[in-house]
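Chemist: Spelled out from the first residue to the last, the chains are:
There are 2 protein chains.
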Amino acid sequence: MIAAEKLQALVAGIFAAAGLPEADAHTVAASLVQANLRGTDTHGVSRTAQYVEMIERGEINPKPQLSLRLDLPALAVLDADRAAGAVAMTRAADLAAQKARTAGAATVLVRRTTHTGAIGAYARRIAEQGMAGIVLSASAPLMVYHGALKAGVATNPIAIAVPGGARGPVVFDMASSVIPLGRIFQARKSGEPLPPDAAVDKSGQITTDANAAAWPLPLGGAKGSGLSLMIECVTSLALGSPILAEYLEATEASRMHFQNAYLMAMDLAKLGDPATYAQELARLEADLKALPADPALGGILLPGDRGDRMHARRHAEGIPVPEAVLADLRKLAAKLGLEAGI
Amino acid sequence: MIAAEKLQALVAGIFAAAGLPEADAHTVAASLVQANLRGTDTHGVSRTAQYVEMIERGEINPKPQLSLRLDLPALAVLDADRAAGAVAMTRAADLAAQKARTAGAATVLVRRTTHTGAIGAYARRIAEQGMAGIVLSASAPLMVYHGALKAGVATNPIAIAVPGGARGPVVFDMASSVIPLGRIFQARKSGEPLPPDAAVDKSGQITTDANAAAWPLPLGGAKGSGLSLMIECVTSLALGSPILAEYLEATEASRMHFQNAYLMAMDLAKLGDPATYAQELARLEADLKALPADPALGGILLPGDRGDRMHARRHAEGIPVPEAVLADLRKLAAKLGLEAGI
Numbered sequence: 000m001i002a003a004e005k006l007q008a009l010v011a012g013i014f015a016a017a018g019l020p021e022a023d024a025h026t027v028a029a030s031l032v033q034a035n036l037r038g039t040d041t042h043g044v045s046r047t048a049q050y051v052e053m054i055e056r057g058e059i060n061p062k063p064q065l066s067l068r069l070d071l072p073a074l075a076v077l078d079a080d081r082a083a084g085a086v087a088m089t090r091a092a093d094l095a096a097q098k099a100r101t102a103g104a105a106t107v108l109v110r111r112t113t114h115t116g117a118i119g120a121y122a123r124r125i126a127e128q129g130m131a132g133i134v135l136s137a138s139a140p141l142m143v144y145h146g147a148l149k150a151g152v153a154t155n156p157i158a159i160a161v162p163g164g165a166r167g168p169v170v171f172d173m174a175s176s177v178i179p180l181g182r183i184f185q186a187r188k189s190g191e192p193l194p195p196d197a198a199v200d201k202s203g204q205i206t207t208d209a210n211a212a213a214w215p216l217p218l219g220g221a222k223g224s225g226l227s228l229m230i231e232c233v234t235s236l237a238l239g240s241p242i243l244a245e246y247l248e249a250t251e252a253s254r255m256h257f258q259n260a261y262l263m264a265m266d267l268a269k270l271g272d273p274a275t276y277a278q279e280l281a282r283l284e285a286d287l288k289a290l291p292a293d294p295a296l297g298g299i300l301l302p303g304d305r306g307d308r309m310h311a312r313r314h315a316e317g318i319p320v321p322e323a324v325l326a327d328l329r330k331l332a333a334k335l336g337l338e339a340g341i
Numbered sequence: 000m001i002a003a004e005k006l007q008a009l010v011a012g013i014f015a016a017a018g019l020p021e022a023d024a025h026t027v028a029a030s031l032v033q034a035n036l037r038g039t040d041t042h043g044v045s046r047t048a049q050y051v052e053m054i055e056r057g058e059i060n061p062k063p064q065l066s067l068r069l070d071l072p073a074l075a076v077l078d079a080d081r082a083a084g085a086v087a088m089t090r091a092a093d094l095a096a097q098k099a100r101t102a103g104a105a106t107v108l109v110r111r112t113t114h115t116g117a118i119g120a121y122a123r124r125i126a127e128q129g130m131a132g133i134v135l136s137a138s139a140p141l142m143v144y145h146g147a148l149k150a151g152v153a154t155n156p157i158a159i160a161v162p163g164g165a166r167g168p169v170v171f172d173m174a175s176s177v178i179p180l181g182r183i184f185q186a187r188k189s190g191e192p193l194p195p196d197a198a199v200d201k202s203g204q205i206t207t208d209a210n211a212a213a214w215p216l217p218l219g220g221a222k223g224s225g226l227s228l229m230i231e232c233v234t235s236l237a238l239g240s241p242i243l244a245e246y247l248e249a250t251e252a253s254r255m256h257f258q259n260a261y262l263m264a265m266d267l268a269k270l271g272d273p274a275t276y277a278q279e280l281a282r283l284e285a286d287l288k289a290l291p292a293d294p295a296l297g298g299i300l301l302p303g304d305r306g307d308r309m310h311a312r313r314h315a316e317g318i319p320v321p322e323a324v325l326a327d328l329r330k331l332a333a334k335l336g337l338e339a340g341i
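As you go down the protein sequences, you meet chains Z and U in turn. At position 221 of the first sequence the residue is numbered 220 (numbering that gives the first Met the number 0), and the sequence of numbers has no breaks. At position 176 of the second sequence the residue is numbered 175 (numbering that gives the first Met the number 0), and the sequence of numbers has no breaks.
By construction, these hints were calculated from the structure, which means they are not laboratory data. No experiment lies behind these values; they were computed from the predicted model shown. Treat each hint with caution, since some may be false.
Just so you know, same-sequence chains aren't split out, so a pair can sit in one copy or run between any two.
Below, a list of computed lysine-lysine pairs in the DSS-like style, where the Cα atoms sit at most 25 angstroms apart [as the list claims (entries may be wrong)]:
hint, residue 1, residue 2
1, Lys288, Lys149
2, Lys149, Lys188
3, Lys288, Lys201
4, Lys334, Lys5
5, Lys330, Lys5
6, Lys62, Lys330
7, Lys330, Lys188
8, Lys201, Lys188
If we strip away everything but chain Z, and leave its shape as in the complex, we get:
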C-alpha cells in the first residue's frame, strides 16, 4: 500500500523530470492517481512509463501551446498541440463550464490531445462546478466494428456527470465495448479466462483466451460500434482531424497517437435551485435502493458508487500498486535522477 500523496508526488516528479512544467506534471499525475483511488487501475499510475515513452517519442508534447481555434459564445475548439490528455481536458472542462455560466450551456471540442484516460474525471470536474457534463472521446481502432472480423472503431467512451450526490457528483463513464482493452492485458497476466462474447482473436473468432484475444467486441453489437462511430463523427470529423480513417488506411498521420474529444456543460443553476436538485437526486437514489435487490448481483448502486467507496478506502489505507508497476516507477525515477522513495 502506498499513500496517494506519496505516489502522486513521485509520478509528478517523473513527469516534471521528463519535461512537463510543474503544474502540468501535477495535473497528469493527479489524474492517474485519482483513477487508482477510484479503483480504475487500468488508467492509473501503471500508465506512467508509457506516458514518458510518449514524451520521448514526441507523441506527447511536454510544452504544448494550447490555443483556441474557434471561440463562439457556446462553442470553442481547443487545439491541444499534443498536450498530455489531462492537461488539455482539464482546460477544456473549465472552459466549457465558464462559457456555460454565461450562455447557459456550452460545448468545447478538443483537437489533437493525447491519451485522455478515464474521461469520467472531466465530466466530474464540470459537475463540481454545479453543471451537468457530457464528455465523449475518440481514439484509434481497437474494437471490432459490428459486422466486421477486425477492429474498425475505438472503445470510445461516454461520460455523464451531475452534481448533488450524497458524496459529490454522480459520475457515469461507459466504454462502447463489452470489456475494455486493458481487461485483455490484465487477463493475460492473471491467467483468468475472459467473459464469454467479449473479445475476438485476430481472425475475428470469439475467444475467452486472453492470449489469443486481439480486440474487444462492441457493447450490444451494432449499438456499441454505432455509438463509437458517432463519437468519431462529432469529434474528429467535426474538427477536420480524422482518426479512424487514418489508422484504417495506415497513413503517415496514424504513426503518432492522438485523440479528440467533446465536452458539454449545462449550467443547472440556470434551471433551478441546486438544493432542490440534490434533494431530488437523493429521493431518486432512495427509491431505486428500495427496490427488491437481486441477490446474485452486488447491490443496487448509483453510477460511481463503487468508485466512491474505493476512493474512501484507498485514500485512508493507501493504493495497492503491483510490484511490476513499482519496479517501473523506481526504474524511471533512477533514470531521471530522482529519489523514488517507495
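Given chain Z's structure and the hints, the job is docking chain U onto it.
Modeler: Coordinates of chain U only, in the frame set by chain Z:
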C-alpha cells in the same frame, strides 16, 4: 401495402378530428409514418389508437401552449404543456439549431411533452440543418435497474446524427435496453421466443417466454441502467420535473404519462467546410466497408443504413400494415366520422 401518403393523410385526419390543429396533426402523423417507412413499426401508425386515447384521457393536450420558460443564448427550456411528442420535439429541434447558428452550439430541454416516439427523427432534423445533433429522452420505469429485480428506469434512448452521408444524415438511435419493450409485445403476438438474457418476468427471473416477460434488461447491465438514469438526471431532474421517482412512489403525478427530453445542436459549418465533412464521412464509410465481413452477420453497415434501405423500398412499394392495425385505423376513422379509404 399502403402508400405512405395515403396512410399519412388518414392518420393526420384522425388526429385532426381528435382535436389537434391541422399542422400538428400532420406533424404527428408524419412522425409515425416516417417510423414505418424506416422499418421501426413499433413506433409507427400502430400507435394511432393509443395517441387518440391519450388525447381523450387528457394525457396529450391537443391544443398546448408551448412556451419558453428559459431563453439564454445557448440554453432554452421549452415547456410542452403536454403537447404530442412530435409537436414539441420538432419545435425544440428547430430551436436548438436556430440558437446554434448564432452561439455555435445550443441545448434545448423539453419539459412535459408526451410519447416522443423514435427520437432519431429529431436528431435527423438537426442534422438536416447542417449540424450534429444529440437527443436524449426520459420516460417512466419499464426496464430493470441493474442490481434490482424490478423495473426502476426507462429504456431511455440516445440518438446522435450528423449530416453529409451518401443518403442524407447518418442517424444513430439506441435504447438503453437489450431489446425494446415493444419487442416483448411483438413476440407475444408472433409466439416467437425472446433472445436469451434480454428480459425478466415479474419476479425478476430471466425468461425467453414473451408471455411471462415483464421488463427488458438494461444493455450491458450497469451500463444500460446507468446511462438511462443519467438521462433522467440531465433532463427530468434538471427541469424540476422528475419522472422515475414519481412512478416509483406511485404519486398522483405518475397517473398521467409524460416525458422530458434534451436536444443539443452543434453547427458544423462553424468548424469547417460541409463538403469536406461529407468527404471524410464517405472516406470513413468506405474504410469500414472494406474490412473483412463476418459472414454470420448482415454486412458492414453505418447506423441507419438498414432504415434508409427500408425507407427507399417502402416509399416505392408501400407500407405493410398488419390487419389488426388496419382494423384499428378503420374503427377510429368510423368513430370520428372519416372515410378511411384503406
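Chemist: Between Lys149 and Lys188, at a C-alpha cutoff of 25 angstroms, which is it: within one copy, between copies, both, or neither?
Modeler: For Lys149 and Lys188, the Cα distance is within 25 angstroms only inside one copy (24 angstroms; across copies 38 angstroms).
Chemist: Between copies, within a copy, both or neither: which fits Lys62 and Lys330 at Cα up to 25 angstroms?
Modeler: Within one copy, since 24 angstroms is at most 25 angstroms while 72 angstroms is not.
Chemist: Between copies, within a copy, both or neither: which fits Lys288 and Lys201 at Cα up to 25 angstroms?
Modeler: Close across copies (18 angstroms), not inside one copy (42 angstroms); limit 25 angstroms.
Chemist: How do Lys288 and Lys149 come out at 25 angstroms by Cα distance, when the copy is not named: within, between, both, or neither?
Modeler: Between copies only: 11 angstroms across, 41 angstroms inside.
Chemist: Evaluate Lys334 and Lys5 at a C-alpha cut-off of 25 angstroms and name the case that applies: within, between, both or neither.
Modeler: Only inside one copy: Lys334 and Lys5 sit 19 angstroms apart there, 77 angstroms across copies, limit 25 angstroms.
Chemist: Could you place Lys201 and Lys188 in one of the four classes (within, between, both, neither) given a Cα distance threshold of 25 angstroms?
Modeler: within (19 angstroms within a copy, 41 angstroms between copies)
Chemist: Quick one: Lys330 to Lys5, C-alpha cut-off 25 angstroms, is that within a copy, between copies, both, or neither?
Modeler: Classified as within: same-chain Cα gap 17 angstroms, cross-chain 75 angstroms, threshold 25 angstroms.
Chemist: Between Lys330 and Lys188, at a C-alpha cutoff of 25 angstroms, which is it: within one copy, between copies, both, or neither?
Modeler: For Lys330 and Lys188, only the intra-copy Cα distance (21 angstroms) is at most 25 angstroms; the inter-copy one is 66 angstroms.
No hint from the list above goes unmet by this structure.
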